[in-house]
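Enquirer: The primary structure of each chain is shown beneath.
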Amino acid sequence: QQPVQSPQAVILREGEDAVINCSSSKALYSVHWYRQKHGEAPVFLMILLKGGEQKGHDKISASFNEKKQQSSLYLTASQLSYSGTYFCGTDFYNQGGKLIFGQGTELSVKP
Amino acid sequence: DVKVTQSSRYLVKRTGEKVFLECVQDMDHENMFWYRQDPGLGLRLIYFSYDVKMKEKGDIPEGYSVSREKKERFSLILESASTNQTSMYLCASSLPTGNSPLHFGNGTRLTVT
Numbered sequence: 001q002q003p004v005q006s007p008q009a010v011i012l013r014e015g016e017d018a019v020i021n022c023s024s025s026k027a028l029y030s031v032h033w034y035r036q037k038h039g040e041a042p043v044f045l046m047i048l049l050k051g052g053e054q055k056g057h058d059k060i061s062a063s064f065n066e067k068k069q070q071s072s073l074y075l076t077a078s079q080l081s082y083s084g085t086y087f088c089g090t091d092f093y094n095q096g097g098k099l100i101f102g103q104g105t106e107l108s109v110k111p
Numbered sequence: 001d002v003k004v005t006q007s008s009r010y011l012v013k014r015t016g017e018k019v020f021l022e023c024v025q026d027m028d029h030e031n032m033f034w035y036r037q038d039p040g041l042g043l044r045l046i047y048f049s050y051d052v053k054m055k056e057k058g059d060i061p062e063g064y065s066v067s068r069e070k071k072e073r074f075s076l077i078l079e080s081a082s083t084n085q086t087s088m089y090l091c092a093s094s095l096p097t098g099n100s101p102l103h104f105g106n107g108t109r110l111t112v113t
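Residue numbers (the numbering used here), protein chains in the order written: chain A, 1 to 111; chain B, 1 to 113.
Simulated from the structure, these hints should not be mistaken for lab results.
The model shown is predicted, which means the values in this text are computed figures rather than measured ones.
In this text, a Cβ means the ideal position worked out from N, Cα and C, and glycines have one as well.
There is no bait here: all hints are sound.
Think about it this way: if two alpha-carbon atoms lie no more than 20 Å apart in a straight line, the pair counts; the simulated DMTMM-like pairs of lysine to aspartate or glutamate are:
hint, chain 1, residue 1, chain 2, residue 2
1, A, Lys98, B, Asp28
2, A, Lys98, B, Asp51
3, A, Lys98, B, Glu56
4, A, Lys98, B, Asp38
5, A, Lys26, B, Asp59
6, B, Lys3, A, Glu40
7, A, Lys37, B, Asp38
8, A, Lys98, B, Asp59
Facing chain A, according to a computed beta carbon distance under 7 Å, are these residues of chain B, among others:
hint, residue
9, Gly42
10, Leu43
11, Phe104
12, Asn106
Residues of chain A placed beyond 12 Å of chain B at every Cβ, according to the derived structure:
hint, residue
13, Ile11
14, Leu12
15, Lys67
16, Gln69
17, Thr76
18, Gln79
19, Ser108
20, Val109
21, Pro111
With the hints as constraints, model all of the structure from the sequences given.
Expert: This is the structure:
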């Protein structure tokens, strides 16, 4: 049931764009996105509820395709501060935070 | 701001010892969770609790137990630590609604020798 994230790792130059995908084999109620910097706690970015909505957060946005059971995180004009590991967390039953996380995508932004 | 505090940043224990990992949150959240983080595997759910005295198994509960005697505190117990339990342990809390984010502690890096 663990969602699959792709790619596993990506290296960008400042200003470049990236897309991180999160795919589930099971129908989803919602998808959460978190970023974890090295040695720190994961930090919440955004939640996508079923309905195919797209949300934005500065130059980071995400979409949720309920039909494909997939969410994508879009990082636009990347900054050095975007470096870290990105995790998607899937909620199958609206169970108040009981998330199943993907294996993570390591993003490195170079000057 | 929600604060989730884990009592130890680093712990080193011997095989067979009983280990307690403590987690306290200060925002009156009903839900609390223990995750284990290993490279390439992401975060895996060990146990969670939706209320005091209540607990439910996550995906990898074997070798672990939990205790929630007070709303703000959720303890993870390794009854007899083994080397394959060497890992980073993350505690999190949230409100009880389905679209509430998780708030994580800084983690406890446990090494079992």
